[in-house]
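With these hints in hand, go ahead and build the complete structure from the sequences.
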Amino acid sequence: MSEPLIFERGQPGRSASAQFPRHESAHELPAQFVRSEPPLLPEVSELDVVRHYTRLSQMNFSIDTHFYPLGSCTMKYNPRGCNSFASLPGFTQRHPLAPESSSQGFLTCLFELQEMLKSVTGMAAFSLTPMAGAQGELAGVAMIRAYHVDRGDIGRTEIIVPDAAHGTNPATATMCGCTVKEVPTRADGDVNLDVLRQLVGSQTAGIMLTNPSTLGVFDKNIKAIEEIIHAAGGLLYYDGANLNAILGKVLPAEMGFDVMHINLHKTFATPHGGGGPGSGVVGTGETLKPFLPIPVVGTTANGYRWLDEADLPKSIGRLSAFMGNAGVLLRAYIYMRLLGREGLERVADYAVLNANYVMVQLRKAGFDIVFPDRRASHEFLVTLKRQAKSKGVTAMDFAKALLDRGIHAPTTYFPLLVPECLLIEPTETESKQTLDHFVAAMTEILAEAASNAALCKDAPVTTPVKRLDDVRAARQLDVRYQPPETDGGAQIVNAAAD
Amino acid sequence: MPFIPHTDHDTQLMLQAIGVDDINSLFDEIPDELRCGKLMGVPAAISEYEVGRLMRRQADKDRVELNFLGAGAYEHHIPAAVWELTTRGEFYSAYTPYQAEASQGTLQVIYEYQTMMASLTGQDVSNASLYDGASALAEATLMAVRVNRASKSRRVLIPQSVHPHYAAVTKAITASQSIELVQIPYDPNSGQTDLAALRSHAGTDITAVIIPQPNVFGVLEQVDEIADWAADQGALGIALVNPISLGLLRPPGEWGREGVPIVCGEGQPLGVPLSSGGPYFGFLTCREALVRQLPGRLVGRTVDRDGKLGFTLTLQAREQHIRRSRATSNICTNQGLMVTAATIYMSLLGPQGLRRVAAESHAKTRGLAAAAAMIDGVEPAFTAPHFHEVVLRLPVRAGAVIEKMRRQGILAGIALSSWYPELENCLLVCATETKTDADLHTYVQALGQQIEASRAAS
Amino acid sequence: MGEIPVELKYTEAHEWIREQDDGTVEVGITDHAQVSLGELVFVELPEDDTVVNAGDACAVVESVKAASDVYIPLSGTIVATNQALADSPGLVNTDPYGEGWLFRLRPNTPTQLEELLASEDYERFVSELKD
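One line per chain: the protein sequences are A, B and C, in this order. Just so you know, we're using the working numbering here: the first sequence kicks off at 1 and counts up by one. Just so you know, we're using the working numbering here: the second sequence kicks off at 1 and counts up by one. Just so you know, we're using the working numbering here: the third sequence kicks off at 1 and counts up by one.
Some hints could be false.
[As the list claims (entries may be wrong)] Example chain C residues on the side facing chain B (calculated, C-beta under 8 Å, incomplete):
| # | residue |
| --- | --- |
| 1 | Phe42 |
| 2 | Glu62 |
| 3 | Ser63 |
| 4 | Ala66 |
| 5 | Ala67 |
Keep in mind the hints are simulated off the structure, nothing from the lab. Note that beta-carbon positions come from the ideal geometry of N, C-alpha and C, so glycine has one too.
Set out below in structure tokens:
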């Protein structure tokens, strides 16, 4: 299946005229301000648009159509009710700068969301403004820095990060003007405490961790880590990417974390939307509360209001033009109301049950589990190093072969520490039948890898395109369409092909 | 159990396969002292029906009839097809397109989006979007500092006429990277950036100059002069623009002698509803030579092994998941869903439609300003031309008038004195193509009434 | 482990160094390095006349899956960079010790040359890397 570009579908002069003003108003602007050439936008009918984008949607995998065992992404079902109610006109038509007297319904939902997030994490306060996990991390590290600077301890510029950490962690530390020190992970998946003790000192601002870690196992020594960091004068940041494994079982505040972010688009089922929008709300204990990014929802005698610079003079500032991804926040609120206390307590039960079940079944089928003697958290690692060595069939090949069987690949090649790995996270919204189907598909690919490796290396063959030449994509950069008349070709940078 | 499909039978079989008696055993690696009790502070579950009633009640509390607020979020007609298509499950619940073969729909949408945004802004390339306009300005600033290696000062000139929230976000995000933001005042008569004040920095080491168009007052800046001055100083120009305006106005790629090399802004006006403030999306476009310094995702077209055209994420080595601490940015997300909506919106409007929306919005605001100026004591605050927002100076405090008009079901605008204390009694008001002549009449009548009432009270 | 020409010197960061007659040295990345990076799509080089210290990261080699820093093995001044790599980064893959050279520098501390690895030492180092 393929679909031309929308620009290629049109005809000069064609338009969807029901959608814009019937007449062209005279603008009376001085000529120097006015555009001489129209922009390159499609000239198509409404039916052209509907057909084109409907057909494009049909070329996607999605949770609504496929199983997505993507480790560290928590691809659980996005309840349709969350979308419906977050899209009510009273919310979608509300201007962000509407006065508080016209915003009590919206503010009530956000305040209650703040309170519920405090309950499930043990944190003392939340700011809902960071617009993605990476922004939540930025807020967290910035708050840690602000805290030390506020106390006059300006030499604390080092952030410790496990070598298995997600790439946003060190990138964030650098963006906050800190340097990064990596602490190694031991063979059993836990952070190396001996090395950690040597790394800390008066230059330590803090550590960024997730627990369970990116390796899919719970670091039992978290209390020891906490003691080491706090004793050295640093603070602990919790990357909430793996919250789905411990929701209702462990409160990050009780593990000793001073600040954390939550990915609402993971744990709280807001949509991934083909790459966003996410939301990376940030929560703190009492220590870092004064530094939260503004605005935060506060109370009045008979309602709610925004707390801003005047209320939080030590705030790290604004991270969003308005108050973050409001529509995403509403969806998370609705989800938490639908699950309620009992439902939220059950999420980790079934996420962890599903992960352990798939792990055991894959082990029985002959796969190498990276930590075979440990419990899976909500996700676990498989390594295909053996198959890569003997048959030349890699994790990438397995991933592509799964696509042909109607299953989205698990996360591949992350964490970087584990060669040829697959990080598998089924989530709690998948049934045993779906999981059995996944195990059967993986088993089939394993057999194929052994008997006819070429088939795996050719995969996928049933998708709209086969494997793409990404070296060419980078060397001969073509990131926008050029109509044939203007440029004689569809390429911007035409580096000589090697 | 909402959204958990397991039957007791399923659960039993699974526990048996694993070899444990109960689910709780699966948590045995977690030290007992860390286990929390029941979640207090979370209410009991309610059904979808009950949630629906609750949410409708909350949403209804905030209904207002007529919206004349702008200031960074703009109300435009959004064709029904935009969100019907965007909320299709295949777009809504799709993941980031890392497995390109399974994501050709999303990838092609983004490629089309990149094409439209590059052209709209008069640039060569666009990224796949950033979180919002304010963070896009912060990222553009970081990018300009990275790119302009000849300049060592890391000083960036930012007009006071840039939206204060945008300036605040840029400051919050760039503060820890030794970047100095220097404010340039605006001319209190014209409402434009004071060129003399700008020029007083001539001969110093400036890394970049931010140029808004229109600025927060709705006023059109002298962008050619500023762009040329920046270029002459060896500073990189960063344009901050409204995308609807570009249906009508000359794009930054054509400002001055050589155009401005980096462009950013808020994409919300392109098919994204006001939504109480988000999610929106930021756009960032630039000249081809700077493409490797663009933060965020980038979709490229290539071929598959059969020679068929296809799309994939490219230049990922710049990004956090590969480059880690040396990445161009820590950004991991793009606003995929909003970009989908914007691409569909721009397709439905086309060049003619976008131009008409821009022209009509400008005309409505001009009409509103003219009618308002007939009220005794009301006058436009600034003399320079404006796009679709205008500042009116009232003879009484704007805040009180705004509150009274709200009770009449009209959101009248922003009292600017909260952002600019020197602009007393000033009201920032916006009228787009969504306002009929009758709406404008209603507004002006109410404004006149409430000004009278305020005068009588004092 | 690929080709390891005996007449060159090496570093543990997988760079090779060729001493020229005029006292400058030519630097590139080894065959082992280019294989693990994959096909290069871009090479970022330092500017001529840049003064550098041993251990500085001065160049970046970028493939589809990785972007690796290239570290200066010796203190000195950059005298030339391989401009052909702008259009043809793949030369590093096809001819890493010849046409894929990255830059030339004039060292200012000749003793540092003695600290570099001889070919057999580098060979041993690489074979120990493999499990």
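Against the structure, the hints:
1. Phe42: OK, holds: Phe42(C) within 8 Å of chain B, min 7 Å.
2. Glu62: Given a least distance of 5 Å, the restraint on Glu62(C) holds.
3. Ser63: holds, 7 Å
4. Ala66: Because about 6 Å separates Ala66(C) from the closest Cβ in chain B, which is inside the 8 Å limit, the hint holds.
5. Ala67: At about 4 Å, which falls below the 8 Å cut-off, the nearest Cβ of chain B leaves the hint on Ala67(C) intact, so it holds.
Violated hints: none; the structure is consistent with every hint.
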